[in-house]
Amino acid sequence: MGAPVHGLTVKAQTSLEEVKRNTKRHRRHLLGNSISRYYFLFSILALCLVLGLVIVFIGKTALLLFTRISPQDFFLSFNWTPEEDAFGAAAFIVNTLSLTALTLVIAVPISVGMAVLCAEIAPKWLKSFIRPVLDLLVGIPSIVYGYLGLTVLLPFLRRVSGEGLGDGLLAAALVLALMVLPTICRISDDAIVAVPRKYRDAAYALGSTRLQVIMRVVLPAASRGIISAVILGMTRAVGETMAVVMVIGNTPQLAKSLFAPTSVLTSNIVMQISNVEFDSTWNYSLHMMAFLLLLISFVLILIIRLLGRKRRDA
Amino acid sequence: MKLFKKFTVTALTAVIAVTASFAGVAAAADSLKGKITVNGSTALLPLTLQAAKEFQKLHPKVKIAASGKGSVTGPQAVKKGIADIGACDWDASMDVPGFKAFDGQVANKVAVIPFATIVNKNVGVDNLTTKQLKGIYAGKITNWKEVGGSDANIVVITRAFGSGTRVNYQAKALGGGDIVKKEKNYKETGSSGDMKTAVGTTPNAIGYIDLVYVTGGDIKAVKFNGVEANTDNVINGSYKIWAYGYYMTKGQPTGATKEFIEYVQSKKFQQGSLKKLKFIPISAMQS
Chain F
158 MGAPVHGLTV KAQTSLEEVK RNTKRHRRHL LGNSISRYYF LFSILALCLV LGLVIVFIGK
218 TALLLFTRIS PQDFFLSFNW TPEEDAFGAA AFIVNTLSLT ALTLVIAVPI SVGMAVLCAE
278 IAPKWLKSFI RPVLDLLVGI PSIVYGYLGL TVLLPFLRRV SGEGLGDGLL AAALVLALMV
338 LPTICRISDD AIVAVPRKYR DAAYALGSTR LQVIMRVVLP AASRGIISAV ILGMTRAVGE
398 TMAVVMVIGN TPQLAKSLFA PTSVLTSNIV MQISNVEFDS TWNYSLHMMA FLLLLISFVL
458 ILIIRLLGRK RRDA
Chain Y
41 MKLFKKFTVT ALTAVIAVTA SFAGVAAAAD SLKGKITVNG STALLPLTLQ AAKEFQKLHP
101 KVKIAASGKG SVTGPQAVKK GIADIGACDW DASMDVPGFK AFDGQVANKV AVIPFATIVN
161 KNVGVDNLTT KQLKGIYAGK ITNWKEVGGS DANIVVITRA FGSGTRVNYQ AKALGGGDIV
221 KKEKNYKETG SSGDMKTAVG TTPNAIGYID LVYVTGGDIK AVKFNGVEAN TDNVINGSYK
281 IWAYGYYMTK GQPTGATKEF IEYVQSKKFQ QGSLKKLKFI PISAMQS
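Residue numbers (the numbering used here), protein chains in the order written: chain F, 158 to 471; chain Y, 41 to 327.
Do not take every clue at face value.
Derived DSS-like pairs (lysine-lysine); straight-line CA-CA distance at most 30 angstroms [stated by the list, open to error]: (1) Y:K174 - F:K413; (2) F:K217 - Y:K174; (3) Y:K185 - F:K413.
No lab work stands behind these hints: they were computed from the structure.
Could you put together the complete structure from these sequences and hints?
This is how it looks when you write it as C-alpha cells:
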C-alpha cells in the first residue's frame, strides 16, 4: 500500500501492474489447487477401489463355502479336521475372542498406568525417555516378538508351570500384550494430556489429593480417548498373526487351559493356506475365517468412529 | 622394433581369440530363450536357485523366476498355468495319503532328499524303531521311559498337513501311520526353520526335518531302526527315510523348461552343486 498523503495516483499506477501480476498468480494458484484436488480425489478413489476389491474378492470366495456346507456346521461345530471333511470353526472363533480378552486384561491396566505416569507424574526427563522408547517399540516387526516369545518366554513359562510345552493362550496373550502396550499407552497419554488444565486446578482448589484428581477427574475426562486407544490395541491383537503362530502351538482345539496348545483364526489361516487346493471347501472355509476377521475389525473401527462423534457432540 | 612387432601380433591374436570365444558363447546362447517359472517346495528351493544361477550363465536369454511356498502349491500352480515347473517333495502324478493325483502332469526326478528324526539335546534316547515312532506319533507312547529314556513326557512337534516333509515322513518313517491331531503335548510348526527352533528350545521334544538342516548343538538326529541318518547310509540302502524331489510339468517338458530340467539332471550339476548343497544325486539311488 502507498502512503496515505499522495496515495491515489501512486496506488492506481501500481495497482494496474499488481492486478495483472496478482491475476497471473491467482490463476496459477487455482490451477495448482485443482490439480492437487484431482490428484487427491484419484488417490482416494484408487484406495477405495483396492479396498472394495479386497472385500468383494474375499467375501465372494468366503460365501462360496455355504454352497458346500451349512452355516451351522461352520459356526457352531468345534470339529476342525479338514482332511476328513469336517470344517467347524467355532473353536477358532472362541479362542480368538478369549485371546483378545486375555491380552486386554493384561495390557490395559499396565498401559493406562504408564500413560498416567507419562502425562501426570513423571519428571520431564523421564517423559522424554519413555515416549520415544514406546514409539520405537511400535516399529519392531511382529515376527521378532514371536521369536523372542518362542526362545525366551516359552522356556520361562515351562519352568514356572511345569508343563512340557508351554504353548497356549497365556504365552500368546503375553506376547500380544507387549505388542499392543505401546499403542494403547501412547494414545491414552495423548488423551490425558488433552484434558484441560482448569479441571485439575479446580479439583486441587477444592482440596483433592493427586490420586483423587487422577482417578476422579482426569481419567473420566479422558475416558473416550482411552477407550479408543483400547479398541485400536484390540484391532491389532485380533489381527496379529506371525507372533501368535510361533507361541500358540497350532493345534485346532478349544483352549481349556491357559497352557493347552491351541489355534486362533489368524494362526490357522497362515498355517494352512499355502497347502490347500484352490477350489476346495477347505480353501473356502479359510477365506470365510479371513472375512470374519475383516468384519470384526470393521465393527471395532465403527465403534471408534461412533465414540469420536459423541465426543465432538458433547 | 622387432619386439614391438611381436608384442602387437600377440596382442592382436589375443583380442581375436577373446572376441571369437565370446561370439561363440553368444551364438550358443541365442538358440535358447524363454521364461521359466518355478514354484512349490521350500526344501527344493536352494537347489532350484543354484541351478537357475548356473543355467542363466550358460543361456543369458533365459529368465528363471523361482519361489517356494509349500510342496502342494507346486503341482497346483502348474495346474493353474501360473508356473512351468512345480517343485514337489512327492510324485504328485500319483495318489498319496491326503492328496489326489494331478492328472496330466509328469514327474521329473531331480534329487534325493533324506529326512531325519530329531530330538532335543536333553533326550537320552538315540535309537527309535518304526514301531516306537508309530506309537509316539499316534499318541500311544507318551513318556520317554517307554522307549528307553528318562521319565518325562514326550513333546511331539510336527509339520502342518500338506507339507512335503510330513507326507514323506509319514510314509517312510511311520509306515503310513497316523499323526495325532489333538493332544496336550502336541504342536504344529509352519516351516523347517520353525521346526528346528521348536525342537531345539523345547526339552523332551521330538520332530523331523530335512537332513541338511541337522546342524548345531540344540538338536540331534536319532538312529532309525539302528541305522544312523547320513548320506552314506541312504546311498547304500540301509537308511530308509528319504524321498525323491520332483519337478512337475504339464505333460512332457518342452523348450527352455526341458533344457533346464535336463541341466538339473545332468551329471555336472548332480555331482557338483547338488552334492555341495547336501542333496544326494539321483544316479546314486538308481545304480
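Now for the hints, and whether the structure bears them out:
no. : hint            : verdict
1   : Y:K174 - F:K413 : holds (27 angstroms)
2   : F:K217 - Y:K174 : violated (42 angstroms)
3   : Y:K185 - F:K413 : holds (28 angstroms)
Of the numbered hints given earlier, the model fails hint 2 alone.
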